[in-house]
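J.: Let the hints inform the model, and build the full structure from the sequences given.
Okay, here's what each chain looks like letter by letter:
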Amino acid sequence: MHELSIATNIVSEVEAAARAHNAAAVSSVTLAIGRLCGVVPGALQFGFEIVREGSLLAQAELVIEEEPVVVWCPEGNHTVELSDMAFRCPEHGCPTPEILSGKGMEILRFEISNFAGTSDMKEEVTQ
Amino acid sequence: MTTPRVVELRKNVMNRHDRKAALLRRYFQSTQTCVINLVSSPGTGKTELLTEILRSMVDRGIAAAALVGDCATDNDAKRLETSAAPVRQIVTEGLCHLEATMLDEHVQGWDLNGIDFLFIENVGNLVCPSAFDLGESLRVVLLSVTEGEDKPLKYPQMFNSADFALLTKMDLAGPCEFDLAAARDNIETVSPGMTVLETSARNPQSVQAVVDHMVQLRQLDLGSQSVPTDSLSTT
Ligand SMILES: Nc1nc2c(ncn2[C@@H]2O[C@H](COP(=O)(O)OP(=O)(O)O)[C@@H](O)[C@H]2O)c(=O)[nH]1
Ligand SMILES: [Mg+2]
Ligand SMILES: [Zn+2]
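From first to last, the protein sequence lines stand for chains C and Z. The numbering used here puts the last residue of the first sequence at 350; the count rises by one with no breaks. The numbering used here puts the last residue of the second sequence at 309; the count rises by one with no breaks.
Incorrect hints may have been included.
[Stated by the list, open to error] With a Cα cut of at most 25 Å, we get these calculated BS3-like pairs of lysine-lysine: (1) Z:K228 x C:K326; (2) C:K326 x Z:K152; (3) Z:K94 x C:K326.
[What the hints assert, rightly or not] Heads up, incomplete: computed chain Z residues facing chain C, CB under 8 Å, no partners named: (4) R79; (5) E82; (6) R129.
[Claimed, not checked] Covered, in the sense of this in silico footprint (three residues per stretch, anywhere, with C-beta under 8 Å from a C-beta of chain Z), are these stretches of chain C: (7) 233-240; (8) 314-325.
Since the hints were derived computationally from the structure, they do not count as laboratory data. Just so you know, even glycine gets a beta-carbon here, dropped at the ideal spot from N, CA and C.
T.: Written out as structure tokens, the structure reads:
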């Protein structure tokens, strides 16, 4: 269950960013995870529900967008999306060792539902 | 102001780990230590083969050391120590993988200058360790003849993330009716072009061949590092 450890990262990263935006509550977090990153979406959801307790994300839903594996076909000189984990070009049948995307795990965005107190929220913290 | 607001964060989830791994990688490069992360299912033969590799390296005057991740015991560390190489243990307390931050503690104060190879025996698991960069130079995945030829297809992420593969317990290939060609095909399917070596901890020649391969890769790595000295400053 390394998803628990990954969920912990997500909650702490989003919570820090949310605080910088003067948030009191976050209602959703959207994540893009590559099919090759070795994370099971269901397990991550489960881990997230445990870890979010007591944080600004306590009521937040986790939206997971799965990112396909995209490789380079050396025979046809084109990029191609793989539908499974066989690293072969579906058109040319050649091996495709070069991976262009599908390994990453990125927090895309989050939604703030409530802001803290009445203090102004001028500070723009974008990373 | 109660209108919901969307914040575009665009942040790598593994940021914290990857940063730590990058620091470790720099440290390992500065001491010219080739760090090899061994991953496999429990029981594949990581400890057994690594003990033989260490023994062979000690015999050949190659300075090698090992860090072993174990959920609960120090059994593996004790076995590895019989090789006479320095061994340190990381008790993971049930965690299913090693993380760069856990390594950091154990590497602190360990002078790796003069150590050519540092092996990390990861926790036995073909899923979780694949997502965690430890700052290693090489990731080596092991598959034993007793596990079945289809494992690469079942755990493609792990096999794909490895730099080379070792088939272990080849001395048992016959009794297990191990289909070598199928195993090689399956590895090739999920990781095209990856080197696969056949080994047995009971066969010193196969251990020698693995050591030769590792020495070769380290030489290549050192060669490529020494050329552009300014490449370290890029972030
Ligand atoms: N016959 C044979 N047995 C092996 C070999 N390598 C490991 N074993 C046995 O397989 C079992 C598990 O090995 P171990 O090194 O503890 O696996 P690990 O969990 O991956 O570290 C032990 O009983 C070993 O003696 C091998 O090459 N040949
Ligand atoms: Mg072991
Ligand atoms: Zn093609």
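J.: Compare the structure with each hint and give your call.
T.: Consistency of the hints with the structure:
About 17 Å separates the Cα atoms of Z:K228 and C:K326, which keeps this hinted pair within 25 Å; it holds. With a CA separation close to 36 Å, the supplied pair C:K326 and Z:K152 exceeds the 25 Å bound. Among the hinted pairs, Z:K94 with C:K326 is consistent with the structure: their alpha-carbon atoms are about 19 Å apart, no more than 25 Å. The criterion of a C-beta within 8 Å of any C-beta in chain C is met by Z:R79, whose closest approach is roughly 5 Å, and the hint holds.
Of the supplied interface hints, the one on Z:E82 holds, with its beta-carbon coming within about 5 Å of a beta-carbon of chain C, less than 8 Å. Residue-level restraint check for Z:R129 is violated (minimum Cβ-Cβ distance to chain C is 32 Å; threshold 8 Å). With a threshold of 8 Å between beta carbons, the proposed coverage of the segment 233-240 of chain C by chain Z holds, since 4 of its residues qualify and at least three are required. Counting residues of the segment 314-325 of chain C whose C-beta sits closer than 8 Å to any C-beta of chain Z gives 4, which meets the bar of three, so the coverage hint holds.
Hint compliance for this structure: hints 2 and 6 are broken, all remaining hints hold.
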